[in-house]
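Trainee: Going line by line, the protein sequences match chains A and B. Numbering-wise, the first sequence is residues 3 to 289 according to this note's numbering. Numbering-wise, the second sequence is residues 2 to 249 according to this note's numbering.
What the hints contain is simulated information worked out from the structure, not anything from laboratory work. Glycine included, every Cβ here is placed at the ideal spot set by N, Cα and C. All the given hints hold, so there is nothing to weed out.
Derived list of chain B stretches under chain A, where covered just means 3 residues or more per stretch with a C-beta under 8 Å from a C-beta of chain A:
no., segment
1, 117 to 131
2, 146 to 159
3, 195 to 205
4, 209 to 216
Using C-beta positions, here's what the derived DEER-type ranges look like:
no., chain 1, residue 1, chain 2, residue 2, range
5, A, K222, B, R12, 55 to 61 Å
6, B, P216, A, K226, 41 to 47 Å
7, A, D230, B, R138, 51 to 57 Å
8, B, R184, A, E130, 50 to 56 Å
9, B, L54, A, G136, 33 to 39 Å
10, B, P216, A, E120, 15 to 21 Å
Below 30 Å or equal to it, Euclidean Cα-Cα: the simulated DSS-like pairs (lysine-lysine) are:
no., chain 1, residue 1, chain 2, residue 2
11, A, K250, A, K280
12, A, K143, B, K222
13, A, K133, B, K226
14, A, K232, A, K280
15, B, K222, A, K133
16, A, K15, A, K222
17, A, K143, B, K226
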Amino acid sequence: MKLQTINHILELKDVSFRYPDGSVGLDHCSLSIKRGSRTTLLGANGAGKTTLFLHLNGILRPESGTVVSGGIPLGYSRQGLNTLRSRVGLVFQNPDSQLFSASVREDVSFGPVNLGLEPQTVRERVEEALKSVGMTDCADKPVHNLSYGQKKRVCIAGVLAMRPEVMILDEPMAGLDVAMQAELTMILDRFHAEGMTIIIASHDMDFAYQWSDSIAVMVKGGCKATWDVKSIPDVLEQLAAHGLGIPKVAEIHQFLISNGFPDKEGPSPRSHQDLMRKLAAVLTCRT
Amino acid sequence: MLIEHSAYANRWRRVSPAAKGIFTLCGFVGTFAAATPAAALSVAAVLCAVTVLGAGIPPERYLRVAAPALLFLTVSCLSLAVSLRIGNTVEDLSLQLARTEFHRVVQVCGRSLGGLAALLFLAMTTPLTDIIALLRRLRAPEVLLDIMILCYRTLFVFSEAVRDTITAQSARLGYATVRLSLRSLGGLVANITVQVWQRSHALHVAAMARNNDGPLRFLEKTSPKSTRDICIAAGGGIVLIALALVIS
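Based on the sequences and whatever the hints tell you, model everything.
Mentor: Structure representation (structure tokens):
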């Protein structure tokens, strides 16, 4: 039991929260995030995804229930919150809500400076973070002259410069074109390969199925279910019941199998490229 | 936007902001040390030439930026030079150009032009982020700097929001008639007011998420050629002051 707790870098235990206007933010929500995992939080607009993220970063405090970080219930003292926020970075959906300074380099330095680091250390971290998201060339540009996608990257660099163990991204793909989505996915994959735990909120079931290690579903403030992504093909009906759709690749794959497609072994395809490879292999065998 | 564009696209963009600040300060000192209008106008002309020829600011853009201030200055000087004289009857109402005041007006005008040229030199060659960083090094009050940072950043966010809202209103004939324009303008103001409140809250939350608990602090900029730039600027500034004193 203790080992399992340590393996979970963040946990919400029966957390409830109401906004001052009485609307429900979270309703007895429980969720566990494994260290080093990629988790996608799926839910309709207003399901409580952002509220949950604000709890994980200590911005909001639960009315009831507990937020656990690294096996220890979260303390809301200034020191406790500083420690949490240096470990758990939060990238907001709208970059204009996150970027303070009109200078890219200055804005990225905001978090590390708040951590009280030495100027030289801050400088190194800023350069490293900008390089990591491919924004070194834009470091001296004013923020208002950047594209939406570039602003998102600066936001990620601003959090990355704090070197968090967990990066939370609220709807990171919203407003990005296909090429920028692919670039951002590569950046996130690199962070994950380096051992970072990544949690994102999304509406895109296909992306969640392709990219994540686990998928959590939120409905009306409640964390309804969490599945390991490998088990998704077995729970398509349950997934559909939450009204968020099902992964198209999984649906087509199931259809093919039910119509005699000889692919009952091996992992289920998680992207259309995986599915095409399987189809090509079968067609090659037949010819 | 013209100032903004010039500040990021001029030959002296990489010159140390401290050096440009020193030259601006010398420009002010020279302007106020000038005892005659000719001296003040000479300082203004040199500052203007340095901005246009040295920093490479296009003259048309310089004039467009200076135009509102020049208009204001013209109106102010005219109102100083011309006085309204009221006699016993309505027929005695007359405008009078006071000869004794004329010299003072030209002096004020010359100094104002010098001050304007000095300010434009700094504003059109130095991005505001650099000026804020310079003020921070000069230990300007943090509250003032925070307000400057947020105002400067949100200026662009809200100008975009205003543009989007006007476009959306225009697309639905929001400005087709005077009455509709007034109504749309009211809607625009209401919408932006709400957005200001929402976005300020969002920025506060974003600041907390990155461990902020007070003043907005950033990494101070460094300029590798700072000392050399400062020496050159100080030399130029001394020449400018000397010019003002010699011509006086």
